[in-house]
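Student: So the chains spell out like this:
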Amino acid sequence: MLSGTVVVAASFAYLLVLFAVAWYGDRRAEQGRSIIANPWTYAMSLAVYCTAWTYFGSVGRAASGGVWFLPIYLGPTLAMSLSWVVLLKMIRISRTYRITSIADFIASRYGKSHLLGGLVTIIAVVGMVPYIALQLKAISSGYSVLTGSDNSGVFPFAAASWFNDGTLYVALTLALFTVLFGARHLDAAERHEGMVAAIAFESVVKLLAFLIVGGFVTWSVYEGFDDIFARAFADPELAALLSLRTASSAGYGGWFALTLLAMLSVIFLPRQFQVTVVENVNEQHLRRATWLFPGYLLLINIFVLPIALGGLLYFGRGTVDPDTFVLSLPLAHGESALALLAFIGGLSAATGMVIVETIAVSTMVCNDLVMPLLLSTERFKRSDHPDLTGLLLGIRRGAIVVVLLLGYLYFRLAGEAYALVSIGLISFAAVAQFAPAMLGGMYWRGGTREGALAGLLAGFVVWAYTLMLPSVAKSGWLDRAFLDQGLFGFDYLRPEQLFGLAGLDSISHALFWSLTANIACYVLVSLARVPTGQEATQATLFVDVFSRGQDAPATFWRGSAQVQDLQPLVARFLGAERARRMFESYARERGVASIAELKPDAGLVQFAETQLAGAIGSASARVMVSSVVQEEPLGLDEVMDILDEASQVRAYSHELEEKSQALEAATAELRAANERLQELDRLKDDFMSSVTHELRTPLTSIRAFSEMLLDDPRIDLKDRKRFLGIIVSETERLTRLVNQVLDMAKIESGHAEWHNTDIDMRELVAHAVETTEQLFRDRGALLELDLPDSAPRLRADRDRLLQVLLNLISNAAKFVPTDAGVARVRLTCDVGQVRVDVTDNGPGIAPEQLGVIFEKFRQGGDERSRPQGTGLGLPISRQIVEHFGGRLWVQSRPGEGATFSFVLPLSPEAGNGPDRAMT
Amino acid sequence: MAKKILIADDEQNIVISLEFLMKREGYEVSIASDGDEAARRIRSEKPDLVLLDVMMPKKSGFEVCQEVKSNPELQSVRILMLTAKGRDTEVAKGLALGADAYMTKPFSTKELVERVRSMLAEH
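Chains A and B, in that order, give the protein sequences.
Count the first sequence with the UniProt record's numbering and you get residues 1 to 919, in order.
Count the second sequence with the UniProt record's numbering and you get residues 1 to 123, in order.
Just to be clear, a hint being listed does not mean it is correct.
Stated by the list, open to error - Straight line, CA to CA, 20 angstroms or less: simulated SDA-like cross-link-like pairs of lysine to any residue:
1) K58/B with E848/A
2) K718/A with K23/B
3) K58/B with P843/A
Worth flagging that the hints you see were computed from the coordinates, not collected in a lab.
Quick caveat: nothing in here was measured; it's all calculated off a predicted structure.
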């Protein structure tokens, strides 16, 4: 046991350290060297999710329900990994429109409605008070366990008299602390760097403390995980805890409901909204947090089961409250210092939650509850008070104290009824009511103010009836009769079996009915009427925040406002000096020299309103601004026009972007086309150069011999005849060349004429062989012909095909060896095609030559004995064959002759043509 | 003693005409029908002048020319390049490789004979 003085002194020392951290954080922020501007601090601050409830309650929950404590952590893990886009959108919206709380978010989205903001605030306060009570309860029971001030065990701290109750002083100390942390000065962005630093620090402290206690229990009290679990399995009751069957005693529905509840809570709890959204420094940090935060949750859960089982094994069932195992186990083993550390860990979990939650709730109370009431008094609207910053701070501080005292009150009244975890779940279920209006507001344009009001109200009422009232009744403050018999004795109105829905645990049951009522009312009432101009404006701003984000927001406002009116207005709430600085920097942004030169346009009004919104909430800011400007309200049609215009502008810029992309693509295409043209040009040059060479060569002989004959009359007759013969043959060569070049050009350019007829390939091949037989005879070579019995007819140009055959056969004739030459022409008919092979026993073609012989002017063969040819025969043949849809290719190995083959597809009319029909 | 001339060209008819012209001028003529043979004959026969076609199989006229000009023993061999490719770059390339003169096909027989005569007279 520890003395009360030691515990109190240690607690205060810890709070002082915390304050030092916060002070340092604030100081660094003022110097512009933020210590919280990194993803780790951000993720640690998110861990404010783990409150004293986690710290003490999970163990209690594990002790009674086994792995039933898990959904509370599965939920956030799922939420962070699945819905970080939702969080990102919330952050972007809140930053863009200076939204500083959930109440403000919902109020602003549905047309800057005071009524909605107020309702959300009330739900938040009512929902959070039990949760705050829970923290107080944790601290006080922890204190009593530590000091042993009351032997009766569980809730001893509550003394008979209020003034003697230590818990009251805990509450007041925390209130003082929260005021010091969170409400020292006003900030338009409502950001508290020091507080975030302190919260992150607390997250580390509670994690370390819990891990150390867990380690102590696991390895010092017992001999590791194996030992604890082995012992637990040896005990049938404990073994039952570890089976999933126990855990699912509430049904899988219970698991689902609890996980869903935790998912919604980690997004919509006021304190989570505060640290995740309002205190976010950089959107990028969210990415890292999506795995860091779940990692944190994993770590802090490792020892939950070991501590719970260890406690049950050590103390036995029903002797010591499992919620206090974290403290009582070290104490029972005489480790006072460790117990004190564990208490400090719990204290940091509790204080962290209380500080952030009350700051968040006090912002709501001030901006969405008190300010609207003040604004409704005429006297206040007129600027009798030039500076209201003091008043605003006063309201917030008051709200903090009141919320904490309410928490204390709840603790006194109802704290005895439930174990820690159940109180927390009641709060979670209240917060879940925000989900439809929040999510709908971010993704659905159709939601209206009435819809949101109806949904929230319905959900809240059902929540209160099915969860809150029973909890109060179970504490004995209400007649329990309605619990068992239903309201007014109507059986189907029993709050925990509403409309006869039984078989669910109370939380799942309440969640089911409240969310059903909430969503149904939200959607149906929203659909009942078209959104007003103001609603449509806000809907567009919220839903399209990402597509609008970077540009100046579209302004849905018409009227006139003078900077002389607006600046004092902002000054009233934010202080004169601050307001002047803001307007000056706005003027600089707008590129004008001084505040006086600012144009009284919609942008200016929007600027002033946004600045005010940060301090007093968007709805109040709207009211205040409209009190000093002359404005013409916009109807829905006009808003739609503006929206149209904006979307047209977007469409234009989109179109422009597309066009410039198209232009780029066209440029690239042109460049490619140009390169192709240059390539073609180069090919043409090569072709021309080749043609020139081929033309000049015969011309050279012709000219030389002609000149010789002309100059020298004494040349004898024999030489004369020989020279003239050469001239004639070179002239023929020249003619052939010119014809072939023209032929080639015609085919390539598509101007060639094709006279298609039905062709009998047998007859054609035979004819070609006959024509060329003389060539082979001249060289003493043999030409063999191999024809099938019949061949289908083929529709093609007969002369062209003959040209191909003659080219291939005469090539063979040129290359077969003199006197031992053999060439073979073979026609075969495959399915749907005919094939011709021309094989020779010439020198063959070197592998590197195989590809080039089909290029123009590239003659193959051994050049020394290269026969006369233009170098165009094969290219032309290939063009012809390909024109009829066939292929021409060569197979050869040096020294083994060559086989030139082509196939031609039978065209349909050739297959079943009229000729065949006649036979 | 008659000057020795080597005619290197793969076009049979052009060789016939050149051979006739050179013999009529009283030169001793030998013939090569590809680049390899041309290089071989130049080394072994050391002709006074080579009528060297550029587009020849196996070894182009340019390669043969380069080989000859880089061989100190063959310093006295004159080279007159003949080409059917009339581009300026071809002429420049030939001269850069050390050819002594250059003529494009089809050439005037008179000019060719004149040029051969003057090239041989220089020594």
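Student: Does the alpha-carbon distance linking K718/A and K23/B stay inside the 20 angstroms limit?
Tutor: With a Cα-Cα distance of about 17 angstroms, the restraint between K718/A and K23/B holds, given a limit of 20 angstroms.
Student: Please work out if K58/B and P843/A have their alpha carbons no farther apart than 20 angstroms.
Tutor: Distance ~16 angstroms between K58/B and P843/A Cα, so the pair holds.
Student: Given the hint that K58/B pairs with E848/A, does the C-alpha gap stay at or below 20 angstroms?
Tutor: With Cα atoms ~14 angstroms apart, K58/B and E848/A stay inside 20 angstroms; holds.
Of the numbered hints given earlier, the model fails none.
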